[in-house]
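Visitor: With chain A held as given, fit chains B and C onto it using these hints.
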Amino acid sequence: MIDLGKYAATVLLAYGVGLALLAGLVWQTVAANARARRNLQEHEKNG
Amino acid sequence: MIALLARDLRLATRAGGGFGLGVAFFLILSALVPFGIGPDRAALAPVAPGILWIGALLACLLSLDRIFALDHEDGSLDLLATAPLPLEGAVAVKALAHWITTGLPLILAAPIFGVLLQLPPAAMPWLVLSLLLGTPSLSMLGAFGAAITVGLRRGGLLLSLLVLPLYIPTLIFGAEVTRRGAEGMAVQTPLVFLAGITLAVAALIPFAAAAALRINLR
Amino acid sequence: MSIWKYANPAKFMRTTDRLLPWLVVSAAVCCTIGLVWGFLTPQDFRQGSTVKIVFLHVPAAMMAINIWVMMLVASLIWIIRRHHVSALAAKAAAPIGAVMTLIALTTGAIWGQPMWGTWWEWDPRLTSFLILFLFYVGYIALWSAIEDPDSAADLTGVLCLVGSVFALLSRYAVLFWNQGLHQGASLSVAPGERMSAVYRHPLYLSMLGFLLLFLALLLIRTRTEIRKRRLAALQAREMRA
Numbered sequence: 000m001i002d003l004g005k006y007a008a009t010v011l012l013a014y015g016v017g018l019a020l021l022a023g024l025v026w027q028t029v030a031a032n033a034r035a036r037r038n039l040q041e042h043e044k045n046g
Numbered sequence: 000m001i002a003l004l005a006r007d008l009r010l011a012t013r014a015g016g017g018f019g020l021g022v023a024f025f026l027i028l029s030a031l032v033p034f035g036i037g038p039d040r041a042a043l044a045p046v047a048p049g050i051l052w053i054g055a056l057l058a059c060l061l062s063l064d065r066i067f068a069l070d071h072e073d074g075s076l077d078l079l080a081t082a083p084l085p086l087e088g089a090v091a092v093k094a095l096a097h098w099i100t101t102g103l104p105l106i107l108a109a110p111i112f113g114v115l116l117q118l119p120p121a122a123m124p125w126l127v128l129s130l131l132l133g134t135p136s137l138s139m140l141g142a143f144g145a146a147i148t149v150g151l152r153r154g155g156l157l158l159s160l161l162v163l164p165l166y167i168p169t170l171i172f173g174a175e176v177t178r179r180g181a182e183g184m185a186v187q188t189p190l191v192f193l194a195g196i197t198l199a200v201a202a203l204i205p206f207a208a209a210a211a212l213r214i215n216l217r
Numbered sequence: 000m001s002i003w004k005y006a007n008p009a010k011f012m013r014t015t016d017r018l019l020p021w022l023v024v025s026a027a028v029c030c031t032i033g034l035v036w037g038f039l040t041p042q043d044f045r046q047g048s049t050v051k052i053v054f055l056h057v058p059a060a061m062m063a064i065n066i067w068v069m070m071l072v073a074s075l076i077w078i079i080r081r082h083h084v085s086a087l088a089a090k091a092a093a094p095i096g097a098v099m100t101l102i103a104l105t106t107g108a109i110w111g112q113p114m115w116g117t118w119w120e121w122d123p124r125l126t127s128f129l130i131l132f133l134f135y136v137g138y139i140a141l142w143s144a145i146e147d148p149d150s151a152a153d154l155t156g157v158l159c160l161v162g163s164v165f166a167l168l169s170r171y172a173v174l175f176w177n178q179g180l181h182q183g184a185s186l187s188v189a190p191g192e193r194m195s196a197v198y199r200h201p202l203y204l205s206m207l208g209f210l211l212l213f214l215a216l217l218l219i220r221t222r223t224e225i226r227k228r229r230l231a232a233l234q235a236r237e238m239r240a
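Residue numbers (numbering that gives the first Met the number 0), protein chains in the order written: chain A, 0 to 46; chain B, 0 to 217; chain C, 0 to 240.
Treat the hints as calculated values from the structure; they're not laboratory data. Any given hint might turn out to be false.
[Claimed, not checked] Calculated cross-link-like contacts (lysine to any residue; reagent style SDA-like; alpha-carbon spacing at most 20 Å):
id, chain 1, residue 1, chain 2, residue 2
1, A, K5, C, Q112
2, C, K227, C, R81
3, A, K5, C, G47
4, C, K227, C, Q112
5, A, K44, C, I64
6, A, K5, C, Q234
7, C, K227, C, G47
Excised from the complex, chain A in its bound form:
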């Protein structure tokens, strides 16, 4: 493990928050895309 010195908490918090926001955005994007694709496919199959 690398030594982060006295600012370890700051750096880890910044990376944690930043990556969590990015992950949330990616997850929301992929989930919405999957939902839209599923809805459209269902509709085209039934219709």
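Guide: Same frame as chain A, now just chains B and C:
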């Protein structure tokens, strides 16, 4: 154009037109601030320019949705859109009517509320001058916001969300003029910027607002 | 070969279908390597290990501004050429831009706490980003408030145009209003002010990674919007039938 202006003024001053509500709101806000901050003169005087400007801005915001909403409901907006008068001109006239009915009373009342908030007397002329130069752009930008949200059922909250960020430059320079006036510093630079913003807004925003109206009337 | 043929949503779907896997993989690779490499850089002699935050902070801030510019261009293309995919791309980009602004603001606040001794300061750069975030929020709110898709595209396009002017105006007004703590450009080309190559190279890589990530997300979100629009059109047709 003058007929349209006279009509809007008549509608606003009639019973139920909401005339004077803005000033009453401004009064209540100025009366509430000392309750929040404390009656201390030394605490009130430095924040007075900012409070007065924010109060004017919010009072102006209150009546924005009336600019087009009523005309949209009874269909006279469609008539305006097909009238020989360009829609840009109609928008400018309606913004002017809004300014006369809400901006002008605010400017006249502002020194009184300045006294309530312990604004230094040296700042009074600069407060009035900055409001005189700044509030027309508030009405104009408000007309743009109202034009965008005119067809929406719950447009009021959205309107403030869209319009308030647009008010930031005017607020910065307007409050800066008053603050510098209160401290006896030179006010030319922010005053010139304030006037420049208002002129640019008056020249360009009618086109954007008219475009938004045409889209909403389609 | 002209970009105008991508106005056809079917053509757009086919092309992006082939393009997306490459984009996703390269975005993931660049982001991962850039951030891990950045995380492993040595400590700065003044800022200690906090200098590592730059690899998230600067790319996010750069994308926050560039995404707004992209939305402006896409809105203009929609208004001038009635290019439907372009309007949907502008709509798809806005939430990404808002999140990027949020990342830049929060990582900046966390960084500012030990360096400046405060989470927040009304510094011109910080304030401008807050204002930019407000513009993103207003833009997204307007999209979700209007039912008719074409009117929504038109009105948000007009708002984007006016908002761009005022975002720029606010930037200079804020500069006049308060002098700041924030340093100037991080990637200045003037010699002597340049960052050491130790930090510069991973930073370039994570900037590239963020750009690729944005493009990948943008394409996916635009595809989502196209599918939603198609579903709505199909349902509307059946309602009439």
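Visitor: Which numbered hints are broken by the structure, listed smallest first?
Guide: 4, 5, 6, 7
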